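Spelled out, the chains give:
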Amino acid sequence: MTSYPHIKIQSEDFDLTTEVAKLRQGHKDIGAVVSFVGTVRDINEGDEVSVLELEHYPGMTEKALEKIRLEAHERWALESSVIIHRIGKMYPCDQIVLVAVSSRHRENAFYAAHFIMDYLKTNAPFWKKETLPDGNERWVDARISDKEAEQRWAS
Amino acid sequence: MTSYPHIKIQSEDFDLTTEVAKLRQGHKDIGAVVSFVGTVRDINEGDEVSVLELEHYPGMTEKALEKIRLEAHERWALESSVIIHRIGKMYPCDQIVLVAVSSRHRENAFYAAHFIMDYLKTNAPFWKKETLPDGNERWVDARISDKEAEQRWAS
Amino acid sequence: MLNILYFASFREMLGTANEELPATYQTVNCLINELAARGDSWRQALLDNQNLQIAVNHDVASRDTMIKAGDEIAFFPPVTGG
Amino acid sequence: MLNILYFASFREMLGTANEELPATYQTVNCLINELAARGDSWRQALLDNQNLQIAVNHDVASRDTMIKAGDEIAFFPPVTGG
Numbered sequence: 001m002t003s004y005p006h007i008k009i010q011s012e013d014f015d016l017t018t019e020v021a022k023l024r025q026g027h028k029d030i031g032a033v034v035s036f037v038g039t040v041r042d043i044n045e046g047d048e049v050s051v052l053e054l055e056h057y058p059g060m061t062e063k064a065l066e067k068i069r070l071e072a073h074e075r076w077a078l079e080s081s082v083i084i085h086r087i088g089k090m091y092p093c094d095q096i097v098l099v100a101v102s103s104r105h106r107e108n109a110f111y112a113a114h115f116i117m118d119y120l121k122t123n124a125p126f127w128k129k130e131t132l133p134d135g136n137e138r139w140v141d142a143r144i145s146d147k148e149a150e151q152r153w154a155s
Numbered sequence: 001m002t003s004y005p006h007i008k009i010q011s012e013d014f015d016l017t018t019e020v021a022k023l024r025q026g027h028k029d030i031g032a033v034v035s036f037v038g039t040v041r042d043i044n045e046g047d048e049v050s051v052l053e054l055e056h057y058p059g060m061t062e063k064a065l066e067k068i069r070l071e072a073h074e075r076w077a078l079e080s081s082v083i084i085h086r087i088g089k090m091y092p093c094d095q096i097v098l099v100a101v102s103s104r105h106r107e108n109a110f111y112a113a114h115f116i117m118d119y120l121k122t123n124a125p126f127w128k129k130e131t132l133p134d135g136n137e138r139w140v141d142a143r144i145s146d147k148e149a150e151q152r153w154a155s
Numbered sequence: 001m002l003n004i005l006y007f008a009s010f011r012e013m014l015g016t017a018n019e020e021l022p023a024t025y026q027t028v029n030c031l032i033n034e035l036a037a038r039g040d041s042w043r044q045a046l047l048d049n050q051n052l053q054i055a056v057n058h059d060v061a062s063r064d065t066m067i068k069a070g071d072e073i074a075f076f077p078p079v080t081g082g
Numbered sequence: 001m002l003n004i005l006y007f008a009s010f011r012e013m014l015g016t017a018n019e020e021l022p023a024t025y026q027t028v029n030c031l032i033n034e035l036a037a038r039g040d041s042w043r044q045a046l047l048d049n050q051n052l053q054i055a056v057n058h059d060v061a062s063r064d065t066m067i068k069a070g071d072e073i074a075f076f077p078p079v080t081g082g
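Chains as they are written, first to last, in this note's numbering: chain D, 1 to 155; chain Z, 1 to 155; chain L, 1 to 82; chain S, 1 to 82.
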């Protein structure tokens, strides 16, 4: 099985400082690190959310994320990058996803991290199911705004 | 003297996880946190750099950074933001600056963090002096590219 | 054989996460037509669904994608991670 | 009195970090003309310098900015933080 050391799919939480330190390790010529952390909001579509459950497609997820990551490296001069996405049950305020990118100059890191997130949102096979306080469950709908955000990067 | 709790000028290092936790504290409706960390590169203008010394203008620095931060909050829907800038002597790989921004949706956080950094680079009164391995010191020149980066945000 | 996977709302709606079928279909479309004949929920999920997402061997695919024995074909709704 | 501050390369070149002067100047420009008369390095830093940065009371200012007793006027090169 192909290994993707810069992609992690895990149920455990992650620590930002630790992950950024790993990202920078062995790269002295870094001037900029941009990190994005996505977190569980307690409100979605106007309803309170108690639990968020993340399902994914093992195998395809890693491949899709690595493809997005490598495309970012092709488009911008980056030193290193990492994508961590959690799966399983999460609760309001929990961390869901980390995208961290390092580069010599800040502009590349900002664009690359934003690009990776926009592509992840529409191309990586994850699905969210919400549980409301009354116990009802519902699958989260894909957002048109996410598709539009992805399309802005079309070259 | 005016207090700016979201602006810190300090000689000590900072911890990313700790600062992001503070940024998020009391804000449940956060879905996105974008952090930028600027670090000391060991090469500048083709020369190896041993020490970087950061001087600033006490009083004006805080006021300038708070103005930039508030302008970001006016332009984008943000939940919270923080700017930490170190002063004094730093060495290759050290952290120099942190800009962290939280919002409901990722786009606002990405733009705001990028904007704050671009404005900080050209509007906050900090100056860098490099010491080269032979002991020679030189003041770092302002970059034209930083001025251009700022001007892209002109509305 | 073909390995067929269903994810998220599809898995729940169709009541199955995966199944094996003989590799007697040339394209994804042929397979979909066969599956849609099983009943309303199958037809709605796979045939009448403008938002159907398809992957063949972990890559994004379309109804026209050719398939062969040993392939893994997945059906799922638009993704909502991140 | 006026409180005058010099930062970074200006402080080194002019050999002073701050000084007090009587508040006898209407504008920053008048003050600069007076200081520039002190010698070559003063003229180069303050008068011949396209990149001179000026702040009055912690706000960005220009040569035309009016000044009055008690003001803090700072001269410095383009900033290079971040």
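Hint data in this document are derived by calculation from the structure and do not stem from the laboratory.
Check each hint, because a few of them may be wrong.
With beta-carbon atoms standing in for the labels, derived distance ranges [to be verified]: (1) L:Gly15 with D:Asn123: 36 to 44 Å; (2) Z:Thr17 with S:Gln44: 45 to 53 Å; (3) Z:Arg143 with L:Asp64: 48 to 56 Å; (4) Z:Gly135 with D:Pro58: 40 to 48 Å; (5) L:Glu19 with Z:Thr17: 28 to 36 Å; (6) S:Gly39 with D:Gly26: 46 to 54 Å.
Being a predicted model, the structure only gives us computed values, none of them experimental.
Positions of the beta carbon are idealized from the N, C-alpha and C atoms, including for glycine.
Checked hints:
For Gly15 of chain L paired with Asn123 of chain D, a C-beta distance near 27 Å fails the hint of 36 to 44 Å. Taking 45 to 53 Å as the suggested C-beta distance range, the pair Thr17 of chain Z and Gln44 of chain S conforms, at roughly 47 Å. At roughly 51 Å, the beta-carbon separation of Arg143 of chain Z and Asp64 of chain L lies within the given 48 to 56 Å, and the hint holds. In this structure the supplied range 40 to 48 Å is violated for Gly135 of chain Z paired with Pro58 of chain D, their Cβ-Cβ distance being about 56 Å.
Taking 28 to 36 Å as the suggested C-beta distance range, the pair Glu19 of chain L and Thr17 of chain Z does not conform, at roughly 44 Å. Roughly 51 Å separates the CB atoms of Gly39 of chain S and Gly26 of chain D, a value that falls within the hinted 46 to 54 Å.
In the structure shown, a violation is registered for the earlier hints numbered 1, 4, 5, in ascending order.
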